[in-house]
Amino acid sequence: MPQKILLPIDLTSPEAWRHAIDAAEDLARRYGATLAVLWVAPPAAADPATLPETYLPALHDFVAGRFADDITVEAHVRADWGDPVREICHAAAEVGADLIVMGTHMPQADESLDHSNAAQVALQAGCSVWVVR
Amino acid sequence: MYKVIAVPVDLAHVDRLTKALETAADLAKAYGATLYYVGATTETPSSVAHTPKEFKGKLEQFAAERGTALGIDARARSLVSLDPAVDLDRDLLKTFKEIDADLVVMASHIPGIKEHLISSNAGWIASHAKISVFVVR
Amino acid sequence: MSEPVQPDFTVDSTDYEVGQDNVQILGLDIHNPVFMISAVTIVGFVIFTLMFQEGTAAFFGWLRPWLTSTFDWVFMSAANIFVLFCLFLVISPWGRIRLGGADATPDFSYAGWFAMLFAAGMGIGLMFFGVLEPVYHFQNPPLGVNPEDVEAARAMGMAATIFHWGLHPWAIYAVVALSLAFFTFNNGLPLTIRSAFYPLLGDRVWGWPGHIIDTLAVFATLFGLATSLGFGAEQASAGLEYLFGIPATDVTKVALIIAITAVALISVVAGLEAGVKRLSEINMVLALALLLFVIIAGPTIALLTGFFANAGHYAADLLPLSNPFGRDDTAFMHGWTTFYWAWWISWSPFVGMFIARVSRGRTVREFITCVLIIPTLVSILWMTAFGGTAIDQIVNDNYQGVAETVAAYVPELSLFKMLEVLPLTMVSSFLGIVLVIVFFVTSSDSGSLVIDTITAGGKTDAPVAQRVFWATFEGLVAIALLLGGGLASLQGAAIATGFPFAVVLVAMCWCLFKGLRADPQMAR
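Residue numbers (the numbering used here), protein chains in the order written: chain C, 1 to 133; chain F, 1 to 137; chain Y, 1 to 524.
Hints may be right or wrong, so weigh each one.
Stated by the list, open to error - Capping the alpha-carbon separation at 27 Å, the derived lysine-lysine pairs in DSS-like fashion look like this:
id, chain 1, residue 1, chain 2, residue 2
1, F, 53, C, 4
2, F, 19, F, 56
3, F, 19, Y, 514
4, C, 4, F, 56
5, C, 4, F, 29
6, F, 29, F, 56
Don't read these hints as lab results, they were simulated from the structure.
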């Protein structure tokens, strides 16, 4: 079972990962896994030099408030250069995650296919991926 | 959180699916969910079984064995796919709906077997399913 | 009589596992000897034929007629045996045996099932010969009927035509289809031609005798389909030229082959249900539309009463027409009857296997009713409508349009000549052309699936790439023969396989009977 779980979220749209965060937290608690929360930051503010300073504190605050002390949580921020899927997959490799837990956006008009990043990550990642709907 | 977990299995390559099967069993235990092993067969004889009836029997036996060994509520659901090379994934989704599954746990691929010889396509199912999908690598 | 004999073969009596002889190379899953030998032999034959056109044309141009003349009694007796065997089964206690086991349910609805089996088994011939043949036999009646006696000639013309498209061809298909379905669904043997001979050859059937049977089947199917496609492109193109002035050049013909192959490819990639079945259903709807149009636009009352009259003539003349011995009208018998029987027999591995694949869940009685009896009734109706209208045009209106195409033997124009003097010609002719093309597609897609299954050792879940290969290959062979000149030779070769298969099919009847007697369902 997993030892390090990557949980990509976007703090600006919490609806997408409402269930995913619960599932990730549950797994982390059950198996004593470390939870690495990743925020792939929106492109508008993408300046690598200033990125961590701008977003990391907000992410740390969120993490501290959301999770109890019994699970180990890390906070990471990466810039979104237009391919968040790639960023997520690279991040997973970098932090040594063996599972990615992701939510998807609410169903699009085209209900038959989820073009979301989660499905793409499921296809491309090098580790297990849990798409939580 | 989850009540019914569906696990697609290829009975011809069960030995290569250990991680996916273990993950599914763990999750079933953790959530107290019912586990359905879902297998597809052709109407014509295959390397696994001569008839769909025989296939169903083998799948049920597989589920019973694992259920007892792992201490979980494990059941079997077999389906006949008339043209699996083309229809399998769609047929699987239909079956998931029939059993009211809310989570699918499946292997991303079967190690050592080329992609297109495999039964089901985890990527397609992850994209098209309306429920959570756990792709195990 | 209803006690089963000690079963000497059941699902467990052979250790053979489907796919055990397969190799997985390049992402494919193929049966090692059969796939390679078939592919290589076919390419070899095509190259040889193109290089030695005159020689091969002469040889096969001689061989096929020689076989169908010299061994006329073999073909005709075999076909008669098949008809009798099928009729026997349908009334016998074995009629209640269900394919797939007592609790199997049909995979397809009646409509979808019937559409698929009819579209695979017939179609193209009905379009062209539906008009030409009744008129030809009306003008040159067999069995010594006087062509001057209009009513007798008309009756015999229809009877002789229906004879060629009725019980006998469908019995040929039914026997093969039932055997394959039974041994696959009730005995768990792979879906290949060789499995039907397990009672006779035992486990040797997985070795070379079986390889030969399967390879011959692939050969006959591929060349049958490719040459039909090639000739069909020529005929369709002649139709297009006649109707719309599109010149019948090689470009047009190749374009037609490519178009047909492309649609067939889309069909096989979409799969059995979303592709092949759907296309067959469209096919049936269009055919029904044209049939109804002809009945309504033609001499309707005469046609409707004609259905019963012709059925009667067919029944009355059935015995004399099926008798191979002591016939004076050998030109008719060899030029039409035995030629057709050889042709249908050479197609039977393909049509039989396809029908088998989609027939799980039907009882033997249901099966024979829907594969033998109902298609025969449809043929009677079709021939009555098309041929009856054409003959009526000659007799009552003195219209010579169709008769001219018969005299010049230009079957592809017979249909359009007949439609020309009916209302809404442009619409009906366009429908006719579309229907011809769709019938080719439905043969091509089901044929590709069959070849794919045989060359994958009976697996119906081989990678899609393989069926794409065979469908494309068939189109390429058709184009090569059309352009290089070899269609007639290789069609002759394909039909010549009808001779060994005729004998093989009689053996298949015996194997099937043995199998049915041993089926556990008879124990109740």
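Here's how the hints hold up against the structure:
no. : hint         : verdict
1   : F:53 / C:4   : 43 Å, violated
2   : F:19 / F:56  : 23 Å, holds
3   : F:19 / Y:514 : 48 Å, violated
4   : C:4 / F:56   : 38 Å, violated
5   : C:4 / F:29   : 20 Å, holds
6   : F:29 / F:56  : 24 Å, holds
Comparing the model with each numbered hint stated earlier shows that hints 1, 3 and 4 do not hold.
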